[in-house]
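**Student:** Listed here are the chains, written in short residue letters.
There are 2 protein chains.
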Amino acid sequence: MAVRNPKEINIEQIQSILNSNNLPVPAIGTGQAFGEEGLSFTHTDPLIRQKAIERIKNQITFAKNFNAVVIIGLVRGVVGKGEDRDEAYKYMLYAFDECASFDDNVKIVIEPINRYETNLLNTVSESLEFIEELGKPNVGLLLDTFHMNIEEPDIFESIKNANEKVFHFHVADSNRWHPGAGHIDFQEVFKTLKHINYNGFVSAEILPLPDAGSAAANNIAHLRKLFTD
Amino acid sequence: MAVRNPKEINIEQIQSILNSNNLPVPAIGTGQAFGEEGLSFTHTDPLIRQKAIERIKNQITFAKNFNAVVIIGLVRGVVGKGEDRDEAYKYMLYAFDECASFDDNVKIVIEPINRYETNLLNTVSESLEFIEELGKPNVGLLLDTFHMNIEEPDIFESIKNANEKVFHFHVADSNRWHPGAGHIDFQEVFKTLKHINYNGFVSAEILPLPDAGSAAANNIAHLRKLFTD
Numbered sequence: 001m002a003v004r005n006p007k008e009i010n011i012e013q014i015q016s017i018l019n020s021n022n023l024p025v026p027a028i029g030t031g032q033a034f035g036e037e038g039l040s041f042t043h044t045d046p047l048i049r050q051k052a053i054e055r056i057k058n059q060i061t062f063a064k065n066f067n068a069v070v071i072i073g074l075v076r077g078v079v080g081k082g083e084d085r086d087e088a089y090k091y092m093l094y095a096f097d098e099c100a101s102f103d104d105n106v107k108i109v110i111e112p113i114n115r116y117e118t119n120l121l122n123t124v125s126e127s128l129e130f131i132e133e134l135g136k137p138n139v140g141l142l143l144d145t146f147h148m149n150i151e152e153p154d155i156f157e158s159i160k161n162a163n164e165k166v167f168h169f170h171v172a173d174s175n176r177w178h179p180g181a182g183h184i185d186f187q188e189v190f191k192t193l194k195h196i197n198y199n200g201f202v203s204a205e206i207l208p209l210p211d212a213g214s215a216a217a218n219n220i221a222h223l224r225k226l227f228t229d
Numbered sequence: 001m002a003v004r005n006p007k008e009i010n011i012e013q014i015q016s017i018l019n020s021n022n023l024p025v026p027a028i029g030t031g032q033a034f035g036e037e038g039l040s041f042t043h044t045d046p047l048i049r050q051k052a053i054e055r056i057k058n059q060i061t062f063a064k065n066f067n068a069v070v071i072i073g074l075v076r077g078v079v080g081k082g083e084d085r086d087e088a089y090k091y092m093l094y095a096f097d098e099c100a101s102f103d104d105n106v107k108i109v110i111e112p113i114n115r116y117e118t119n120l121l122n123t124v125s126e127s128l129e130f131i132e133e134l135g136k137p138n139v140g141l142l143l144d145t146f147h148m149n150i151e152e153p154d155i156f157e158s159i160k161n162a163n164e165k166v167f168h169f170h171v172a173d174s175n176r177w178h179p180g181a182g183h184i185d186f187q188e189v190f191k192t193l194k195h196i197n198y199n200g201f202v203s204a205e206i207l208p209l210p211d212a213g214s215a216a217a218n219n220i221a222h223l224r225k226l227f228t229d
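Line order of the protein sequences matches chains A and B. Start counting the first sequence at 1; every next residue gets the next number (the UniProt record's numbering). Start counting the second sequence at 1; every next residue gets the next number (the UniProt record's numbering).
No wet-lab data here; the hints were simulated from the structure. Don't take every hint at face value.
Treat identical chains as interchangeable: a pair holds within one or across any two.
DSS-like mimics (lysine-lysine), calculated; alpha carbons at most 30 Å apart, straight line [what the hints assert, rightly or not]:
1. K191 <-> K81
2. K81 <-> K51
3. K225 <-> K160
4. K57 <-> K191
5. K7 <-> K90
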């Protein structure tokens, strides 16, 4: 569930819809705060950085209702032209530390995102190093096969290296359509997830193409086939 | 060879360097005119479109010296926010027609480029349709494995579909490093090129990482190994 600002959400209403449809919420996406309001952990303006941290703390409180993980995608920020990379990294580290300490019981996941969308934490190995430096057990990784196809030298080795730090998992094929529309070997992806004993959710974060209904149906059909083959 | 403006180039000097090093020039890259001067085939300003066409005509004259193909990469343009896609497409068609008619003997190649860099002609099939509509035998495709990894449902099928319209070929691994640094199966790439009887050049367009010298050396070593295995 992608939420820009949890303060504007009626939790009872959401929960009643979820209950009546028997739906869990595995994860809360937070990228809209960056896309629509420009909030980020690495902004040069300390007030905006603080607002971003407060927003994520609200998301943590919100996520707790659903036992969901909080996804840190683009809200972590970028290093802008002429800006200092080390400083941005330090701001990001501070923000993650603040958020991770806010509630030990809520899991926060870093999504390695491809180079075209950010220049901070593109690869699994960079993100694992960052998590080690941070030293917070409730911070792990959200791996996404679309991004991994661009950034990881070997998608399956990267999943193995991330191992127990994989807290959430996104499937999308190489072209960001539903699994089966591109050239990623999802059979091997699931074999690798099994190998690392991953037992969390697998969510599709895919383009609604050719339309949203077909994308969802094709996703389910392809994944089901892999599990029964 | 990437050239922003051929008018600023001393051809004799270049040719003497090429001769003394026994180097051919397979292709002329033209993207800098877009990156540095904003020239594009689809700009809403007709004067800028005309300047882009004139620039490519100069590139055609320039390329003829080396028997090189002229690459139309980003200079083809993008559809900007709020701009009309059909109109942009029409402008692009007109510009390609002008350039292709300028000298039948010089080959012009369209490079399908991934969605993050342009929103016009991302895939092989879109580009083949465009070439068919254009109807100029001297216009073909430059395929690049890095872009294909993101856009093509099946890289090898796409190469086969492009068939004799493949006029030039770029190798780069899935992470845009040298072949061997990512997960593209270059053995299969070369098998497929052989299958379509491609006998043109294969150029590496790769990031100079970890440094330019190593990238070039690693590229050559990896490709040579594939050809001797």
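**Student:** Are the hints correct? Go through all of them and say.
**Tutor:** Status of each hint after checking the structure:
For a Cα distance limit of 30 Å, the shortest separation of K191 from K81 qualifies neither inside one copy, at 41 Å, nor across copies, at 42 Å. In this assembly of identical chains, K81 and K51 lie within 30 Å of each other by CA distance both inside one copy and across copies; the values are 22 Å within and 29 Å between. In this assembly of identical chains, K225 and K160 lie within 30 Å of each other by CA distance both inside one copy and across copies; the values are 24 Å within and 28 Å between. In this assembly of identical chains, K57 and K191 lie within 30 Å of each other by CA distance neither inside one copy nor across copies; the values are 35 Å within and 53 Å between.
In the homo-oligomer, the alpha carbons of K7 and K90 lie at most 30 Å apart inside one protomer (28 Å), although the nearest pairing across protomers, at 47 Å, exceeds that limit.
Figure legend: structure checked against the earlier numbered hints; hints not met, in rising order: 1 and 4.
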